[in-house]
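Visitor: These are the residues of each chain, in order.
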Amino acid sequence: MRDSLSRAWKSDFIWSFSRSPVAIVSFIVAVILIGAAVLAPLIAPHTPFDPGTLNLMNGFSQPMQPNEFTGETFVLGTDDQGRDVFSTILYGMRISLFVGFAAVSFAMVLGVSLGLIAGYAGGWTGTIIMRIADVQLTFPGILVAMLIFGIAKGFTPIHLRDQMAIWVLILAIGLSEWVQFARVVRGATLVEKNKEYVQAARLNGRSAFGIMTRHILPNVMGPVLVIATISLALAIIAEATLSFLGVGAPPTQPSLGTLIRIGQGFLFSGEWWIILFPSVTLLALALSVNLLGDWLRDVLNPRLR
Amino acid sequence: MAEVVLSVRNLRVEIPLRRSVLCPVDGVSFDIPPGDILGVVGESGAGKSMTGNAVIGLLDRPAFIAGGEILLNGQRIDNLPREAMRRLRGKEIGMVFQDPLTSLNPLLQIGDQLRETILEHLPVSKKEAADRAVAALEEVGIPAAARRIDSYPHEFSGGMRQRVVIALALCAEPSLIIADEPTTALDVSVQAQIIALLKSLCRERGTAIMLITHDMGVIAETADRVAVMYAGRLAELGPVREVLTNPSHPYTNGLMGSTPLASKGKKRLNQIPGAMPRLDNLPTGCAFHPRCPQVKKRCAVEPGPDIESCGGRAACWFAGELSS
Amino acid sequence: MLAYTIKRTFQSFVVLLVVGLVAFSMFRFVGDPVDNMLGQERTDADIERLRGQLGLDQPFPVQYLKFLQGAVQGNFGVSYRQGRAVSGIIAERLPATLELAAVSAVLAIVFGFFLGVFTAIRRDGWAANTIMTLSLVGVSLPTFLIGILLIYLFSVELNWLPSFGRGDVVDLGWWRTGFLTASGLKAIILPAITLGLYQMTLIMRLVRSEMLEVLRQDYIRFARARGLKEKTVNFRHALKNTLIPVITVTGLQLGSIIAFAIITETVFQWPGVGLLFINSIQFVDIPIMAAYLMLISVMFVAINLVVDLLYFSIDPRLHAGSSEINN
Chain A
1 MRDSLSRAWK
11 SDFIWSFSRS
21 PVAIVSFIVA
31 VILIGAAVLA
41 PLIAPHTPFD
51 PGTLNLMNGF
61 SQPMQPNEFT
71 GETFVLGTDD
81 QGRDVFSTIL
91 YGMRISLFVG
101 FAAVSFAMVL
111 GVSLGLIAGY
121 AGGWTGTIIM
131 RIADVQLTFP
141 GILVAMLIFG
151 IAKGFTPIHL
161 RDQMAIWVLI
171 LAIGLSEWVQ
181 FARVVRGATL
191 VEKNKEYVQA
201 ARLNGRSAFG
211 IMTRHILPNV
221 MGPVLVIATI
231 SLALAIIAEA
241 TLSFLGVGAP
251 PTQPSLGTLI
261 RIGQGFLFSG
271 EWWIILFPSV
281 TLLALALSVN
291 LLGDWLRDVL
301 NPRLR
Chain B
306 MAEVVLSVRN
316 LRVEIPLRRS
326 VLCPVDGVSF
336 DIPPGDILGV
346 VGESGAGKSM
356 TGNAVIGLLD
366 RPAFIAGGEI
376 LLNGQRIDNL
386 PREAMRRLRG
396 KEIGMVFQDP
406 LTSLNPLLQI
416 GDQLRETILE
426 HLPVSKKEAA
436 DRAVAALEEV
446 GIPAAARRID
456 SYPHEFSGGM
466 RQRVVIALAL
476 CAEPSLIIAD
486 EPTTALDVSV
496 QAQIIALLKS
506 LCRERGTAIM
516 LITHDMGVIA
526 ETADRVAVMY
536 AGRLAELGPV
546 REVLTNPSHP
556 YTNGLMGSTP
566 LASKGKKRLN
576 QIPGAMPRLD
586 NLPTGCAFHP
596 RCPQVKKRCA
606 VEPGPDIESC
616 GGRAACWFAG
626 ELSS
Chain C
630 MLAYTIKRTF
640 QSFVVLLVVG
650 LVAFSMFRFV
660 GDPVDNMLGQ
670 ERTDADIERL
680 RGQLGLDQPF
690 PVQYLKFLQG
700 AVQGNFGVSY
710 RQGRAVSGII
720 AERLPATLEL
730 AAVSAVLAIV
740 FGFFLGVFTA
750 IRRDGWAANT
760 IMTLSLVGVS
770 LPTFLIGILL
780 IYLFSVELNW
790 LPSFGRGDVV
800 DLGWWRTGFL
810 TASGLKAIIL
820 PAITLGLYQM
830 TLIMRLVRSE
840 MLEVLRQDYI
850 RFARARGLKE
860 KTVNFRHALK
870 NTLIPVITVT
880 GLQLGSIIAF
890 AIITETVFQW
900 PGVGLLFINS
910 IQFVDIPIMA
920 AYLMLISVMF
930 VAINLVVDLL
940 YFSIDPRLHA
950 GSSEINN
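Protein chains in written order, with my numbering: chain A, 1 to 305; chain B, 306 to 629; chain C, 630 to 956.
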């Protein structure tokens, strides 16, 4: 419904947004966090993963207090190796968001294409695609992602494993989330396929590809946008979980999940800041994207619940 | 007992919206004496069902009764506390819904649903309630009632289910039944049976009926009096014969012209041009004036007159001058 | 009913065959099993002999059949990393996971159900609104953060409960249980809450939305119009109809509890199969991964099957042989 999308945009979209404090706050938080991640090299006071700039003497500095040896002050403190926690969070968020966006884009392209094919072509192709989707759906996404990660890791040569980890992660999370897209797009395609304008386009000799992209695709953009937003929150959490479990981003390219994994080791020795700040950042990121998705769903397509 | 079972005075229902207030029922007044059947007709959205729901106290939020009075057997009921109103429902006012397929709980045997209603309202033992449940089913013409009482709703056909629904509405012997489109969802062949059943049962007990329908044929056959509603207001109110043969409101006239009644002969059906206005976009003056063939200047400015105040039957300034 | 049962069982069987194929392909194609089993000093003769022993020189379908044969008998080969039979390692660790999953499931179902009904009935009350808002936070909160938070509160700050491990276990011969010792019971509290909380939130939201949907139905209006007490309407009429869809999804949730146990077990170093699986991924220990995949699939498919059959037997509308009275 390109039509309904633009109509919703004009009449209700802005209005509903301005009346929803939750949406406004979520939006502001998300924009700040994403902006900070994108601009990390400009904002971050240190480059935490350049060993040359690290000073072990700065290790375990408390937040906002000058280090007892060097006198340097770190806003959110430092970890055991003297890395500035604030900077690691900014760079970690970059990884988390990159994996999240890339995985969702991958899932979206894959899911939308397969959904269009399954709905438009139907027949054996459609049945096979949807059967795979059904089987995959009986397993939780995070488990599917772990398995794919494990298998892909098995295929990666050992000396490349750390370098490839981020891409393997994107592949795994993307493959675990395509089903939702495919199901919605297939459902909408089945409905649209039999409408007169599509029939007319077919009679006019439009190719199947042309009909799918020109006529059917615009109609499913609303729901796809909603699913993409909610999937982004899921992907961020999935990435953090995998990295936390040690089967995601490597310590050389730590995401928020990796930082929390590292921080867990200092929970008992009293260095609470090493784990607290990355956790809060992750929570703020996931929650704001989730709430935005929720709100978007209510505005664009209340029936999608 | 009072002269009338149900008396509705100047009823007004409002629905507050985020930017405005809708008024799906406005200034509606009517009486129903014992044993009488009042037919309420109108297009969908005219406020028929909303009026019925207001009487039985089941308006869906955010709709609420904003003005007027509802009296049942002389006692005011529109301002009763929830619990008192709850005890009145089923006991004094029964209701029959449109779709018998959805108005019975699919997971409970019909016997369970009958017995729970009887036990709720009548001071009887469980054994007596069970006997009464079977008797209620027999009364509405369910064959082998004693055996069928343990069946689930899906084991009955549509017409049979509506009989069960009627048994449920009548089992505590209420003095008023509100039947909201009781035959619309049924096969044509079954409709007449259900209407006849409802009518005979109520005649026997002196139960008043408020029969909500959009079917003029049903009204002509069943009702004693008829109330015609348009855009939340009463257009015309009077004895069925008179209203049908000699309508005084142009809307009723148009409605009659567009209904295939046997008595009207083989004339071509007319239609009323345009559509009923949406509640959020009511015209000024008389709500019907943009579609009225007899429209005069006054109609666009002033709302139609109060039916009672002008002594007639219709809320129209020119009720007497209607040319057929 | 019988025909339906047979059909569903057959479908489950097909799913297992497909998963088996995936597991087998992992075995066969991810890395070279011979590479993994032989050390650096190997000869071509060694490799040939091992290939023969493992049956790798036979055609693919034959190998697959052999794999299935072994899988049915619980034989998944030898762990690359520990050098012991996979079946033994899993049997040793399974009780820990099952006990944890069972306690979490009970917590999730009992509280999720109760809160869901409560928030549906009191849908505009402040308590219900607060619970709903909290549940949204709960859904966004990753499981491992909940675990860390609980550890920080109850182990680090209050020092009431242990932060890792299973406590003392009692060996019953074929099953080692933590339920019979005080330290075992104390140890399961935090992991069970961590694992159950997310599922509880989901069940609660599901029960709530299903119940609200049911409360909108005509038969609920009709029950009200018959003057039934609010309590009767809510608990006799609405609840029963809510149960049917809820049972389906709740059943599937129970399956995911076993999968999500992976996360909880890692946070609390709980010695179950989930922790084993994570370690096997880290070290690319394919036999363990394949065995875990098969194990969890069997559980999922079994749960799915039971849920479906249960659903079928609860709803009278689905019973075969119901007659209709006609007019």
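Derived from the structure by calculation, the hints contain no laboratory data. From the three backbone atoms N, C-alpha and C, an ideal C-beta is built for every residue, glycine too. Careful, some of the hints might be misleading.
Stated by the list, open to error - Subject to a maximum C-alpha distance of 27 Å in a straight line, what follows is the list of computed DSSO-like cross-link-like pairs (lysine-lysine): (1) Lys858/C - Lys869/C; (2) Lys396/B - Lys695/C; (3) Lys396/B - Lys815/C; (4) Lys431/B - Lys396/B; (5) Lys504/B - Lys396/B; (6) Lys815/C - Lys432/B; (7) Lys396/B - Lys636/C; (8) Lys431/B - Lys869/C; (9) Lys860/C - Lys432/B; (10) Lys431/B - Lys860/C; (11) Lys396/B - Lys432/B; (12) Lys432/B - Lys858/C; (13) Lys431/B - Lys858/C.
As the list claims (entries may be wrong) - Derived CB-CB ranges, DEER-like: (14) Asp134/A - Ala451/B: 54 to 62 Å; (15) Phe689/C - Phe155/A: 48 to 56 Å; (16) Glu196/A - Ala501/B: 43 to 51 Å; (17) Ser654/C - Asp417/B: 32 to 40 Å; (18) Ile14/A - Phe689/C: 37 to 45 Å; (19) Val191/A - Thr759/C: 34 to 42 Å.
What the hints assert, rightly or not - To give an idea of the chain C side of the interface with chain B (calculated C-beta under 10 Å), a few residues: (20) Glu842; (21) Arg845; (22) Asp847; (23) Tyr848; (24) Ile849; (25) His866; (26) Lys869; (27) Leu872; (28) Ser942.
Visitor: If a hint holds in the structure, say so; if it does not, say that too.
Guide: Now the hints, each set against the structure:
With a CA separation close to 16 Å, the supplied pair Lys858/C and Lys869/C stays within the 27 Å bound. A C-alpha spacing of about 72 Å is found between Lys396/B and Lys695/C, which places the hinted pair above 27 Å, so the restraint is violated. A distance of roughly 56 Å separates the Cα atoms of Lys396/B and Lys815/C; the hinted pair therefore is violated under the 27 Å criterion. Proximity of Lys431/B to Lys396/B is assessed by CA-CA distance (about 18 Å); at most 27 Å being required, the pair is judged to hold.
A threshold of 27 Å between alpha carbons decides the hint, and for Lys504/B with Lys396/B the separation of about 19 Å falls inside it, so the pair holds. Between the alpha carbons of Lys815/C and Lys432/B the distance comes to roughly 53 Å, so the proposed pair goes past 27 Å and is violated. For the hint pairing Lys396/B with Lys636/C, the CA-to-CA distance comes to about 49 Å; that exceeds 27 Å, so the pair is violated. Distance hint between Lys431/B and Lys869/C is fulfilled; the C-alpha atoms sit about 22 Å from each other, no more than 27 Å.
For the suggested pair Lys860/C and Lys432/B, the alpha carbons sit about 23 Å apart, so the restraint of at most 27 Å is met. In summary, the hint linking Lys431/B to Lys860/C is supported, as the alpha carbons are separated by about 19 Å, within the 27 Å threshold. A C-alpha spacing of about 20 Å is found between Lys396/B and Lys432/B, which places the hinted pair at or below 27 Å, so the restraint holds. For the proposed pair Lys432/B and Lys858/C, the alpha carbon gap of about 21 Å is at most 27 Å, so the pair holds.
Under the criterion of a C-alpha separation no larger than 27 Å, the hint pairing Lys431/B with Lys858/C is consistent with the structure, at around 18 Å. About 47 Å separates the C-beta atoms of Asp134/A and Ala451/B, a value inconsistent with the hinted range of 54 to 62 Å. At about 19 Å, the beta-carbon gap between Phe689/C and Phe155/A misses the expected band of 48 to 56 Å. At roughly 45 Å, the beta carbons of Glu196/A and Ala501/B sit within the given window of 43 to 51 Å.
A beta carbon spacing of about 55 Å between Ser654/C and Asp417/B contradicts the range 32 to 40 Å that was offered as a hint. Remark: the range hint 37 to 45 Å for Ile14/A to Phe689/C is contradicted by a beta-carbon distance near 59 Å. At roughly 39 Å, the beta-carbon separation of Val191/A and Thr759/C lies within the given 34 to 42 Å, and the hint holds. Given hint, Glu842/C at the interface with chain B, is violated; its Cβ is 13 Å from that chain's nearest Cβ, farther than 10 Å.
Given the 10 Å rule on beta carbons, the hint for Arg845/C holds: about 9 Å separates it from the nearest Cβ of chain B. Using the Cβ-Cβ criterion of 10 Å, the hint placing Asp847/C at the interface with chain B is satisfied: the shortest such distance is roughly 4 Å. Against a cut-off of 10 Å between C-beta atoms, the interface hint on Tyr848/C holds, since the closest Cβ of chain B lies about 4 Å away. A cut of 10 Å between beta carbons decides the hint on Ile849/C: the least distance to chain B is about 8 Å, and the hint holds.
The beta carbon of His866/C comes within 5 Å of a beta carbon in chain B, closer than 10 Å, and the hint placing it at the interface holds. The beta carbon of Lys869/C is positioned within 10 Å of a beta carbon in chain B (closest approach about 5 Å), and the interface hint is therefore held. At about 9 Å, the closest approach between the beta carbon of Leu872/C and any beta carbon in chain B falls short of 10 Å, and the interface hint on this residue holds. Checking Ser942/C against chain B: minimum C-beta separation of about 13 Å lies over 10 Å; hint violated.
Comparing the model with each earlier hint shows violations of hints 2, 3, 6, 7, 14, 15, 17, 18, 20 and 28; every other hint is respected.
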